[in-house]
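Residue numbers (the numbering used here), protein chains in the order written: chain A, 1 to 361; chain B, 1 to 361.
These are calculated hints, taken from the structure and not from any lab test. Keep in mind that this is a model prediction, so the values were computed, not measured. Ideal Cβ placement from N, Cα and C applies to all residues, glycine included. Hints are supplied without guarantee of correctness; some may be wrong.
[What the hints assert, rightly or not] Pairwise CB distance ranges, derived in the manner of DEER restraints:
#1 Arg164(A) with Trp151(B): 40 to 48 Å
#2 Ala75(A) with Glu285(B): 56 to 64 Å
#3 Glu214(A) with Pro21(B): 29 to 37 Å
#4 Arg261(A) with Phe118(B): 42 to 50 Å
#5 Ser78(B) with Ala75(A): 17 to 25 Å
#6 Asp249(A) with Arg47(B): 44 to 52 Å
#7 Ala126(B) with Arg123(A): 29 to 37 Å
#8 Ala352(A) with Glu292(B): 57 to 65 Å
Below are the chains, spelled out letter by letter.
Protein chains: 2
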Amino acid sequence: MSERERTRQERRHTPHTAPHPVTLHSVAHAAGVSPATASRALNGTARVREELRDRVLAAAAELGYIPNAHAQALASASNNTVGVICHDVSDPYFAAIASGVMRAAADRDLLVMLASTFRDQAREIAYVSMLRAQRARAILLIGSGIEDRGWERALDAELAPYTRAGGRVAVVSRHRSLRVDTVLPENREGAAALARSLLALGHREFAVLAGPPELTTVADRLAGFREALAAAGVALPADRVVRGAFTRDGGHAAALALLARGVRPTCVFAVTDVMAVGALAALRERGLRVPEDVSLAGFDDIPLVRELTPPLTTVALPLARMGQAAIRLALLDPLGTRSRVEHIPGKVVLRASTGTLTPVE
Amino acid sequence: MSERERTRQERRHTPHTAPHPVTLHSVAHAAGVSPATASRALNGTARVREELRDRVLAAAAELGYIPNAHAQALASASNNTVGVICHDVSDPYFAAIASGVMRAAADRDLLVMLASTFRDQAREIAYVSMLRAQRARAILLIGSGIEDRGWERALDAELAPYTRAGGRVAVVSRHRSLRVDTVLPENREGAAALARSLLALGHREFAVLAGPPELTTVADRLAGFREALAAAGVALPADRVVRGAFTRDGGHAAALALLARGVRPTCVFAVTDVMAVGALAALRERGLRVPEDVSLAGFDDIPLVRELTPPLTTVALPLARMGQAAIRLALLDPLGTRSRVEHIPGKVVLRASTGTLTPVE
DNA sequence: GGACGTCTCGAAACCGCTTTCAGAAAGCGC
DNA sequence: GCGCTTTCTGAAAGCGGTTTCGAGACGTCC
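Sequences and hints are given; from them, build the entire structure.
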């Protein structure tokens, strides 16, 4: 018995992999109090005689004590981390939203665990599982959803037990079948407003560079745009809509495909700024001047598009604030089983890419 | 006693805040084995009779068991999270590096905790402390360092016990007095090579938009640039160097300040692409055409600068690979107490912003 | 048939902290 | 001086896993 005791002690003396030997016990011992008192003194969770408190604090500082967050989380069943899942940090659209998330998290002393799926849906589900294991307070899904119904279902299956157990889920710019809090741009209205502005500039011949049709973001923006045109008696034939990936190169390819069809619109609407960037390059490559030969408009107002030549007309979304809103929603008290939706209006910003045209024709 | 037992039970039945009631005990019980066996079966850490293993796995799947990462970390003193600290996720320079970090982390099944300091040095130190509390396997410091000696010292004081206890620290593009692994662009050589290229284009009148002088990144790039000029007999007087913040607006302001001094260089070198973006806008605002009236070059090759008009000449750095290198270094076995430094060469990329000039004069 | 080595599996200690619960000490009114 | 609060403090029971250690159950070999 005492033999076993001894070997155990020896092992403890070899902090082979143990990163942090200074425990609450150490400081309690050094301060001449019990661990309970030390805990209370350090966290202020209960009154402790001033003299003892000072001794504890001094000992903690002296020893360089850093509490073990794992032990804390385990013992108190609390947790101050949130998980964020996105496609890729280097996408400026996401980066802008993430920046807002980080700001809001910092204000609330939350630690953010960030996961990039690189558009791999299996990885996305794996990350949700990991974040569940970490017992994250909330999981944020950011960015346009997924193009596969099966995976969506699998994702919801992973999310459901999490929310049922008290976990909070918030999504931004993405639909869910689950009842989760949502930050949703007014895609339809924004695109419609943009269309009206473009009509007012005199355009009548349009083309749209759209993303994957399964994405509600795409569907809504396309629908809004088309409706506003229709209201003005302008049609948007099917051959004027080209699909492409939600990336710079996707926009580039889509624009080339459009031109290859032989259509020559006076104005091109890319449903995403990122796609518009690629489109601008493609148009240039084909010798078209923007806005003299063709106008170009996007959606989102990522910082980048202000630096383009010409600066891009777009529908501005308060991206950073959308990120903050996601955190806010996720940390609000759960409002029954209902899900909240925060609608974010977009604002049309006319820049030089659509020129200040005298009405055509 | 039994009374106390009962109230405890009742409390357990109200998972008020407890996010996850399914524990290893549950599945062990359901499978009719001990928790020890269940643990071994789930982790494959020891041989378990096939029949039992199947029962455990089935029970785990049935109950939707998800291990508690906190308990695992606590019990096994292991951990699969790394912390990353940067200024702001929405800075494209950082975003590109972070993307590489995320990729490397995903390949190794690591969870990344990301913290943005928003250039607040107190916050940076606080984050190191939080990451220490999380017992992160490694802490990555990304991006240009700090402009304050006192804070730097405080940061090292926070880092030192961490590394001493076995934590790994890696920094990219940033100097440390501590012995930590480092991923370092060859700023001096890159800037010198750029200068030679610009000289070859015929330029003789230069100006530099530099960042805060305390940053070694800035100092190195400036020194390399100046040396290469000197080697060609070209001087760079003090009034041709303007300081500005390491941001788009910093570059903008610096360029305006330069012009306000009345100097008219034929070529402007912004030590950072991000600054160059602002500078380009400023030059335009003052009616200068790039590259006809003045050439402009940057450093880093962030994706954005390829989309500018004109595309920006710069020194390309493999940003994503630098991020991956940081993870790799941090997770390599500690090589004694020595610190490794991985030097990253830059590659001059001539684009239209410096034009294909016929040698001036 | 008994000594002995192998494989599995369970009991129990432990990781580092929080939080009850109860006891000690001190303050108070009578 | 005595019972009763009110405050502080410490012992100890977890939180949910991992891992050591030893005990059975078999198989093998003299």
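Here is what the structure says about each hint:
1. Arg164(A) with Trp151(B): 40 to 48 Å: For tryptophan 151(B) against arginine 164(A), whose Cβ atoms are near 45 Å apart, the range 40 to 48 Å holds.
2. Ala75(A) with Glu285(B): 56 to 64 Å: 59 Å, holds
3. Glu214(A) with Pro21(B): 29 to 37 Å: 36 Å, holds
4. Arg261(A) with Phe118(B): 42 to 50 Å: 47 Å, holds
5. Ser78(B) with Ala75(A): 17 to 25 Å: 19 Å, holds
6. Asp249(A) with Arg47(B): 44 to 52 Å: Once the Cβ atoms are compared, 50 Å apart, the range 44 to 52 Å for arginine 47(B) and aspartate 249(A) holds.
7. Ala126(B) with Arg123(A): 29 to 37 Å: Hint holds: Cβ distance 31 Å, inside 29 to 37 Å.
8. Ala352(A) with Glu292(B): 57 to 65 Å: 20 Å, violated
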